[in-house]
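Chemist: We have chain A already, so just place chain B on it with the hints.
Same order as they appear, the protein sequences are chains A and B. For the first sequence, the working numbering begins at 12 and goes up steadily by one. For the second sequence, the working numbering begins at 12 and goes up steadily by one.
Since the hints were derived computationally from the structure, they do not count as laboratory data. It should be emphasised that the depicted structure is a prediction, and the values quoted were computed from it without experimental measurement.
Which copy? The list can't say, so a pair holds if one copy fits it or any two copies do.
Below, in silico cross-link-like pairs of lysine to any residue (SDA-like), each with a Cα-Cα straight-line distance of 20 Å or less: (1) K118 with G201; (2) K48 with S99; (3) K118 with S130; (4) K118 with A219; (5) K118 with Q128; (6) K118 with N221; (7) K48 with V70; (8) K118 with A157; (9) K48 with E58; (10) K118 with A131.
There are 2 protein chains.
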Amino acid sequence: MDIALLGGTGDIGEGLALRFAADTAHDVIVGSRDASKAAASATAYTETLASIGVDRTVVGMENTAAAARAEIAVLAVPPYHVGDTVESVADALDPGDIVISPATGMKRDEDGVHYHQPSAGSVTQIAAGAVPDGVPVVGAFHSLAAGRLADLDAELGIDTLVVGDDESAKRTVAELAEEIDGLRALDAGGLANATEIEGLTPLMINIASNTEGVGDLGVRFR
Amino acid sequence: MDIALLGGTGDIGEGLALRFAADTAHDVIVGSRDASKAAASATAYTETLASIGVDRTVVGMENTAAAARAEIAVLAVPPYHVGDTVESVADALDPGDIVISPATGMKRDEDGVHYHQPSAGSVTQIAAGAVPDGVPVVGAFHSLAAGRLADLDAELGIDTLVVGDDESAKRTVAELAEEIDGLRALDAGGLANATEIEGLTPLMINIASNTEGVGDLGVRFR
Numbered sequence: 012m013d014i015a016l017l018g019g020t021g022d023i024g025e026g027l028a029l030r031f032a033a034d035t036a037h038d039v040i041v042g043s044r045d046a047s048k049a050a051a052s053a054t055a056y057t058e059t060l061a062s063i064g065v066d067r068t069v070v071g072m073e074n075t076a077a078a079a080r081a082e083i084a085v086l087a088v089p090p091y092h093v094g095d096t097v098e099s100v101a102d103a104l105d106p107g108d109i110v111i112s113p114a115t116g117m118k119r120d121e122d123g124v125h126y127h128q129p130s131a132g133s134v135t136q137i138a139a140g141a142v143p144d145g146v147p148v149v150g151a152f153h154s155l156a157a158g159r160l161a162d163l164d165a166e167l168g169i170d171t172l173v174v175g176d177d178e179s180a181k182r183t184v185a186e187l188a189e190e191i192d193g194l195r196a197l198d199a200g201g202l203a204n205a206t207e208i209e210g211l212t213p214l215m216i217n218i219a220s221n222t223e224g225v226g227d228l229g230v231r232f233r
Numbered sequence: 012m013d014i015a016l017l018g019g020t021g022d023i024g025e026g027l028a029l030r031f032a033a034d035t036a037h038d039v040i041v042g043s044r045d046a047s048k049a050a051a052s053a054t055a056y057t058e059t060l061a062s063i064g065v066d067r068t069v070v071g072m073e074n075t076a077a078a079a080r081a082e083i084a085v086l087a088v089p090p091y092h093v094g095d096t097v098e099s100v101a102d103a104l105d106p107g108d109i110v111i112s113p114a115t116g117m118k119r120d121e122d123g124v125h126y127h128q129p130s131a132g133s134v135t136q137i138a139a140g141a142v143p144d145g146v147p148v149v150g151a152f153h154s155l156a157a158g159r160l161a162d163l164d165a166e167l168g169i170d171t172l173v174v175g176d177d178e179s180a181k182r183t184v185a186e187l188a189e190e191i192d193g194l195r196a197l198d199a200g201g202l203a204n205a206t207e208i209e210g211l212t213p214l215m216i217n218i219a220s221n222t223e224g225v226g227d228l229g230v231r232f233r
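Chain A extracted, bound-state conformation:
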């Protein structure tokens, strides 16, 4: 499968691009609204991989072209761009393609960060409301610290939680996630359960900011 990381020039896009390229055989495509930015990031990721002896080429292209080429499109964009990003690539999504939503809405105040729940229920459900018919949305990769993903020397040993209403698509994403070394996928149910998964991200940020010597936290259920 070809994996497009829409908005993949950002930090979570970088982390996922490097891990997918290093640990799986799937082609990785970095998408951006700006094709030249996508190409620059793709080149940088390819060089990072080469520097640790991984001979994989990440390519970059405009989001729509990336989505057209891939069977898996990851919305590696801020939560407030999830809806418009899906709409901008909608014509490039074919029935059977899978859209993955990893974003979470957060707001910060003096107490730390809090989950900012969208009126749709979750960011994942915003994506689900924007895709064309026949394109399932799966929520996954929320609770992964981008910096840890991007550090290919860092062991993971952590979980990602997967939600979706299309069981086949959810299974495909879970299997794809588990191709990343040290990542385990756990099924947390349907799209309606995305809220609690997205709420885990601010919780982890609050723990890390209140605990000395802890950063780039992951989570393992046991």
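Modeler: Below, chain B alone, put in the same frame as chain A:
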């Protein structure tokens, strides 16, 4: 310190009573609205401890008497009884006593369980709104499976998340939690962050119900 488990005849009360009695030197008091039910549970817990060679006596008494005797009162009651339980024992709480809120609001539908956020923001904040002046509330012990706690042969190796606005009380509760073998306490910030902690419980229930061979899940951040 003496620890009162208000509503401690229920499953989370049983688990905490057994672990505190087995692993710490603190006296454990089971509270109930019904003194005879409290006494019966206390006797049963004492017998369970004796059966594995732990010579500790758990005592039982009516909630108010339990709260009067203890320095730590755990609200081991369903979320919709948190407010009235605090009010019923308010006269028995002295300044400097600490109230611990482990409950979370959930609702179930065809997709699984969901966090049911109270208008106060969280169950922990309901408790904080009901305590007398000078009695801090700390949120803790939310994400612990009662059955696993009550099985003293089960290793924990998991985390509990602690929130509170009184740093000293929060530290006391974190230290108390870590006296339980295999339990690590992580600081997730102030009371305003209780929402995300309470939301972790339905997430864990959804994971367990969607994953074969998994039950009584705990969580470890790493």
